[in-house]
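Asks: One letter stands for each residue in the lines below.
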Amino acid sequence: MEVKTILLAEDNPNDIELTIEALSENNLANHVVSVKDGVEALEYLRCEGAYKDRKKGTPAVILLDIKMPRMDGMELLKEIKADINLKSIPIVMLSSSREEPDLRKCYELGANAYIVKPVNFQDFIEAVKHIGTFWVLLNEIPSN
Amino acid sequence: MELKNKLIHFIYENDDFFDKMQEEAPDGYWICEMTDPFPIWADRKFKDLFNYTHTGKETTLYLPSILDKQSFNQVKNYCIENAKRKLYSESLNLQYQFREMIIPVVCNLVILQDTNGIITHVIGLNRMKNQKYKDENTRLKEKALDSKRFFDHALDMLCIAGFDGYFKVLNPAWTRILGWTTEELLSRPWNDFVHPDDLKATNEIKSSIVYGQPAYQFKNRYRCKDGSYKLLSWSSFPYPADNVMYGVARDLTEANKTQLKLKEEEEKLNHLRELFAYVIEHNNAAIAIHDKNLRYIYVSQRFLDDYNVKDKNIIGKHHYEVFPDIPQKWRDVHQRALNGEVLSAEEDKYPRSDGTVDWTRWNCRPWYTVENEIGGIILYTEIITHRKLIEEKLRQKSSYLNKLINSANAQIIIWNPHAEITRVNVAMERLTGFTQEELLGQHIGILFPEKERDATLAKLTIAMQGNSWDVEEIKIQTKKGELRTVLWNSANIYHNENNALVETLAQGQDITDRKLSELALRESEERYRNILEVSPAGKLIIQDNLIVLCNSAGLEVLGADNRESVLNAKIKRFFTDDTWSDLSHHFEQMLAEKSVFAPYETRIICLDGKEKDIEIRAGFMNYNENSAILLILTDVTESKKMREELVTLNAELEHRIKERTAQLEASNKELEAFSYSVSHDLRAPLRHIGGYVNLLKTRFESDLPEKAQHYLQTIADSSQQMGQLIDDLLNLSKTGRKELNWEKLDFNCLLKEVLDILQNEKEGRHIQWKISKMPAVTADYSLMRQVWTNLIQNALKYTLKKEKALIEINHYKDKGHIVFSIKDNGVGFDMQYAGKLFGVFQRLHSSDAYEGTGIGLATVQRIIHKHGGLIWANSQPDNGAEFQFSLPIKKHKLHNGSENDFTGRR
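Listed in order, the protein sequences are those of chains A and B.
Going by this note's numbering, the first sequence wraps up at 144, each residue one higher than the last.
Going by this note's numbering, the second sequence wraps up at 906, each residue one higher than the last.
FYI, nobody ran anything at the bench for these hints, they're computed from the structure.
Since the model is a prediction, treat every value here as computed from it, not as a measurement.
Built from N, CA and C at the ideal position, the CB exists for glycine as well.
Honestly, I wouldn't trust all of these hints.
Unchecked claim - Simulated pairs of lysine-lysine, PhoX-like, Cα-Cα distance not exceeding 25 angstroms: (1) B:Lys734 - B:Lys744; (2) A:Lys56 - A:Lys81; (3) B:Lys744 - B:Lys770; (4) A:Lys105 - B:Lys349; (5) B:Lys813 - B:Lys823; (6) B:Lys475 - A:Lys129; (7) B:Lys797 - B:Lys770; (8) A:Lys67 - B:Lys349; (9) B:Lys317 - B:Lys329; (10) B:Lys669 - B:Lys797; (11) B:Lys594 - B:Lys570; (12) B:Lys813 - B:Lys770; (13) B:Lys393 - B:Lys349; (14) A:Lys67 - B:Lys669; (15) B:Lys451 - B:Lys479; (16) A:Lys105 - B:Lys669; (17) A:Lys105 - B:Lys734.
Claimed, not checked - Anything over 12 angstroms on all C-beta distances counts as not near chain A; from chain B, calculated: (18) Asp68; (19) Gly165; (20) Ile726; (21) Lys734; (22) His865.
Okay, chain A solo, but in the shape it has when bound (with noise of 0.2 angstroms):
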């Protein structure tokens, strides 16, 4: 069976951490790839770049942060969507502010969840191992 992977796009490290942290609670902590904004998540995704020569394949799922620097994830969200090859791919947005407009705009733009970090960190380990559980070992998405 072919190793899902998990493309994890966050500039914060700390967050990466526990992020990481939090899904290895859950055992899919092998699966991520972290990377630091939009503009290197999409060099991932296309194989370009630093990952020219990286082993085909898409992640099962991509993990968004809102905020990062050169191209934010709501910029990469839509890059994603329209771009034929990844658009499939499931995409959950992951963020601090629980603002209104910018939960819109992500379903607006096609993501397919979001999710408010928690402060406590017990919730979002919760909540991450709901996003384990369910993008990566259930849902079924076509290939290419």
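For this one, chain A is given, so just place chain B on it according to the hints.
Replies: Only chain B this time, still in chain A's reference frame:
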């Protein structure tokens, strides 16, 4: 004379000689003075011998001029030879030659000598030689006498005139014609009598006559004694032997006049004849003139046409020859006319041979000759069939007209130029109460009330002079003395030919009743006018774009100091052309739709030239039974100025508001950005702290001393609290910005929801709830939930230490608001600090004692204020607290049920 005296003396001295001489000279004697030119004196007998005296005045005769040359020489020789002899001489045979006569005589000569023996005189005693000569002489004498008679009785003027310019002999015609006596004419040169203008011609003709050229029909004018002139026509020839000319003059004056007159008469006659023929030919009547034998003398073309006479040459023919079938009736008529009667008929049937009947008018009369005898008859006939037809039609028409006039509802009256009534109809009788008989022939003045009679008659005169009335209101006084007001129009009827006024016709309409209602109307109008007048707004009534009414306020608006300057003025003049074109359009629309139009602001040009800002309100109305526009003009110059100031102020204010709003918006944006970054960036490190603490605790708890564990817990709690703070602050700022979503809320349900959410906080506690039935409220659902959540949380929090908590929720109505209250029996607070209750981060209790961020009540207050309500609290320390908030009652209609139709649950 001397000779005569000498002779007489001689005869007396020789008495017997004289006797002898008488005997010796049976045919007269002469005495000759024997000096050249040998003048003689002759006795009557001798003169008779030559008819000498017959020719007028005697002139001196000379012996050589009466004797032929030989006889004269015989006498001279005898005297010389017989000078010494006395008395009786031998008889000499002498031959007298005088004029055309030659008379041979035996003459005894007696020589008279003076004492010196010189022969002074010779006397000739004459005896005609023989009977033959005597008889001849007598014949000649007779002849001369004949001539003399003719001469004396001639109508023409006969004369012998000398070449010396004097008349010698004139016949009596001269005196008769010119009035001068013969003596007067003989005593002056004839030129004295000739018209000065004719002198030159007269002298010329005289010269030519003197030179032997006779003149014929030479004309000149002679002056009469009375100063007038006669025109004379001359024939004249010379007789040079006597140095005279013979002339015959004829007075043409009368003849000339007569001739002229004759010519004139003739012309007149000719003219008359032409006229006569013209009249006859152009007469409507056919005319035929017959002689007394009824033969045609004259016939007009019309006669020939009317009676179908084919034969054009009927002159001279007998009437009955032309009309052989003429009835006896006509033969009788002709006969009677020939006997001197004049017969005529105005309308007479004339049956034609083709069976048709014509109507004729005829006249048959005799005509008279100069001798006043009947010369024949004249027949006039006129076919009047056509005229009779027209008359018949006219009669019919006039009968229709009569019916029409009499059945007309309108009053009709006709009067003649003397203002006498000639016709009235039934309606007029009804109106006046007079019968036709009473009115006809009366002066029309009887119909008018005395007071107005003269004025009315003057109007009548105007109408009769051709200015017919279109509409003239004239009062009629009835027989009973009532006054009726009648509107009249009139028409004049003129004679077809001479255009003289024949009659005047007037048609009336009794408007007495209308007049009364008009009066009533006028009164109401008067009232209306008064109301209008006292109105403070300028009011005008416009008809046909003319001002027909204007109140005082209106005058003021229009800048007029008197009403006359405005009444009947064109409303147009008070506006600029642009405004007027706009306004008149509105007016037309209003009149068409009978509508009003919205207040309209414009400028008006006052009578004094000033311009004013006015507001016009206008509307359709009926005025004097006609469409009109009521204009209400308000001078808005002042208010406009104020308004303009207000507008400027408003604009300024608006501007300031915009500025403020922009500032506000800018700060709002900043705040939003701030909130945004807070929610992201502030929470992230907190989360990290929490996350790592959690990791530390879960992964390394067993390795950590108790103290470290305590620290970690504190860090975790702090970060948790910090997170809560941030969420609450964000919430507060969001409620400030949030747009309210008004909807009908059932607070009973809402409270239940909130209590369900707060389940955890209620657990394990003994709480008594007293919640009354809540009314329906119009408010924002999520915000109201927040309010109740906060307030109930508060109540729960501050009753936490109570063994038996009591929380009461109630409401009451107060002046358009519903006031809700939540009362607890908790710790309460000191009213001293009540003002700080709703401030951000204000806490009246230590966070040790009661957890909380100090933002909750601030948020609640903000929400209540946003709903237009108030929030306040009452409390005493340890004696519970009561929070009350009011919400305005907003009617929000539900589709079913009343506003209190909710059943709440506890």
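Asks: Among all the numbered hints in the text so far, which are the ones the structure does not match?
Replies: The structure conflicts with hints 4, 6, 8, 10, 20 and 21, although it agrees with all the remaining ones.
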